[in-house]
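Protein chains: 2
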Amino acid sequence: MAAEKNQGNRITELFSIEYPIIQGGMIWCAGWELASAVSEAGGLGIIGSGSMYPDVLREHITKCKAATSKSFAVNLPLLYPDIDKHVESIIELEVPIVFTSAGSPKIWTSKLQSHGIKVVHVVSSAVFAAKSEAAGVDAVVAEGFEAGGHNGREETTTMCLIPSVIDTVDIPVIAAGGLYDGNSMLAAMVLGAEGVQMGSRFVATEESSAHIEFKKTVLETGEGATSLTLKELTPVRMIHNAFYRKVIEAYEAKASKEELAELLGRGRSKQGMFEGKLDEGELEIGQIASMLSAIQPAGKVVSDIVSQYREAGGCSLGKRFEF
Amino acid sequence: MAAEKNQGNRITELFSIEYPIIQGGMIWCAGWELASAVSEAGGLGIIGSGSMYPDVLREHITKCKAATSKSFAVNLPLLYPDIDKHVESIIELEVPIVFTSAGSPKIWTSKLQSHGIKVVHVVSSAVFAAKSEAAGVDAVVAEGFEAGGHNGREETTTMCLIPSVIDTVDIPVIAAGGLYDGNSMLAAMVLGAEGVQMGSRFVATEESSAHIEFKKTVLETGEGATSLTLKELTPVRMIHNAFYRKVIEAYEAKASKEELAELLGRGRSKQGMFEGKLDEGELEIGQIASMLSAIQPAGKVVSDIVSQYREAGGCSLGKRFEF
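These protein sequence lines are chains A and B, in that order.
Residue 239 in the working numbering sits at position 126 of the first sequence; the count goes up by one each step and never skips.
Residue 401 in the working numbering sits at position 288 of the second sequence; the count goes up by one each step and never skips.
Bear in mind the hints are in silico, worked out from the structure with no lab data behind them.
Be careful, since some hints might not be right.
Which copy is meant is left open, so a pair is good if it fits within one copy or across any two.
[As the list claims (entries may be wrong)] In silico lysine-lysine, DSSO-like type, Cα no more than 27 Å apart, as pairs:
(1) Lys224 with Lys390
(2) Lys344 with Lys383
(3) Lys370 with Lys183
(4) Lys359 with Lys344
(5) Lys344 with Lys370
(6) Lys231 with Lys198
(7) Lys359 with Lys370
(8) Lys344 with Lys367
(9) Lys183 with Lys390
(10) Lys344 with Lys432
(11) Lys390 with Lys432
(12) Lys413 with Lys329
(13) Lys390 with Lys231
Construct the complete structure from the given sequences, taking the supplied hints into account.
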């Protein structure tokens, strides 16, 4: 059920933030520099813990808290091998909000909430949104097929997913996938979302810890130049680089699941996104990369989105749209 | 370049219609009954000529003109084998608007326009939108990955495609794919479109010539229950029925392109959509089928969309949004 038109925005309230603009907690890109910059600008910054060893995450949380007194979050992939240590750090260092993904929200939600932490789960279908609500999460991110990185097998796009999730759950819904500016933010809010999460747009910021060569490649990525592939393993959207072409060759040679896993190997995303190995690495980004044209400060990104949203008349459409 | 915020809506003006709501010219579903009902209700109805023999199309155009004095259109797939005969009928019977698809708009655009016919081309990428504009078409339909039936190979979703096409061409853009109600219509307009084309929503109307068993199946289609497949031939989005499962088995058995073509055979969509053979047939529909819950009169669909759009505050966002 959508929020009532005249009900205030529940996402800004839930997170104690100024604007319902959330920066995705992307591996290799979202460290404390990016998260704190977004939070300082009035959005919600998220540290991506999926690519961090436990002691690295502790360091990022500590530095983020030193850099901003505002709300921030940690993204926690529930299949992370050392998850107990991550959860321990999150609780001990008093992270106020956790976005969980890639796994069942049943296991950790109540434990985190018992420490006063708000929990949001990322889903790619209305079925998982309903399961997440039943598990007691405070909100869901509904992420469409066009999003970068790991994604659902159902291939439901943002335009179709948001109304479906809105119809299914009562908790607030954050839209993700294909969103990058004030107009697309407003489009997602019109579909019923109360906030937006943007990943690709924040990869191309000065504070993103992605390798500069990866950032430049993102800016050069044209329409149709990414694909969701490797569905036999974990579906992932990546740029059509040399490694991607090897994946396609493997499919053409009718490779087995095991052969695909061997081809993928380990550390592909680190090589591509953090070390700037543009040929060997896996370059994860969303379809909307085709609309990006500059590497900007994260705070400027937030304020530009807010200006464009207001200019488009967003705040005039009802209390849910106001900030 | 998007239309200026304070410029009037160019789609209602171009087609001389009341609302910029266009019913897709779908094969086996969009005959004169549906097209005339949509046009009578203030939208633009389109006869889908792709599934019609030349004499059948003549009959549908004649009956449509008898049923409504308002604007209507014919959808013309440019790969239609007997295209000269279709074009002859369109000109002779004074069809005011033609939507072309599946082929190059270079060949027929100027001929049709020389007879006073408005020409709109359906595209799935900004590159093809630019080529269409260069070919002189009056507007484009930008159709995202989530749409039903035949579709582009690039898999660009509506949320990503619309801003990209808006940035690329100066002619007005009609959005398609994943749109079904007043909110999704407004979302598409916020992204820069000046009109919307809806297919799946109009399949599930009383006037649609689809088989009643296909219409019922559309209403039962859940989220994630369609896929874009057969990309080696012509990519097509269909429901996961028995025929679809045979396609998947063929892929698992590493079928060649020739074997896939043999499996598809001829007349699959007619069997499924017109004859109601739900197992053997190809059931083409968009992802948004999951949101449909009733078979309604087409005129009621149009008026409900208009009411919801207005209720959402659409008309307050600028002259381009007004009708």
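How the hints compare with the structure:
In this assembly of identical chains, Lys224 and Lys390 lie within 27 Å of each other by CA distance neither inside one copy nor across copies; the values are 39 Å within and 52 Å between. Taking the shortest alpha-carbon separations for Lys344 and Lys383, only the intra-copy value of 20 Å comes in at or below 27 Å, while the best inter-copy value is 31 Å. Neither within a single protomer nor between protomers do Lys370 and Lys183 lie at most 27 Å apart by alpha-carbon distance, with minima of 45 Å and 56 Å respectively. Taking identical chains as interchangeable, the C-alpha atoms of Lys359 and Lys344 lie at most 27 Å apart whether they share a chain (15 Å) or sit on different chains (19 Å).
In this assembly of identical chains, Lys344 and Lys370 lie within 27 Å of each other by CA distance both inside one copy and across copies; the values are 10 Å within and 21 Å between. Taking identical chains as interchangeable, the C-alpha atoms of Lys231 and Lys198 lie at most 27 Å apart only when both belong to the same chain, with a minimum of 19 Å there against 65 Å between chains. In this assembly of identical chains, Lys359 and Lys370 lie within 27 Å of each other by CA distance both inside one copy and across copies; the values are 14 Å within and 21 Å between. Taking CA atoms no more than 27 Å apart as the test, Lys344 paired with Lys367 passes in both settings, with 14 Å inside one copy and 16 Å between copies.
In the homo-oligomer, the alpha carbons of Lys183 and Lys390 never lie at most 27 Å apart, since the shortest distance is 35 Å inside one protomer and 59 Å across protomers. Taking the shortest Cα distances, Lys344 and Lys432 never come within 27 Å of each other, neither inside one copy (40 Å) nor across copies (45 Å). Taking the shortest Cα distances, Lys390 and Lys432 never come within 27 Å of each other, neither inside one copy (47 Å) nor across copies (48 Å). Taking identical chains as interchangeable, the C-alpha atoms of Lys413 and Lys329 lie at most 27 Å apart only when both belong to the same chain, with a minimum of 18 Å there against 50 Å between chains.
When the C-alpha separation of Lys390 and Lys231 is checked against a cutoff of 27 Å, the pair qualifies neither within a copy, at 37 Å, nor between copies, at 50 Å.
Violated hints for the displayed structure, listed by number in ascending order: 1, 3, 9, 10, 11, 13.
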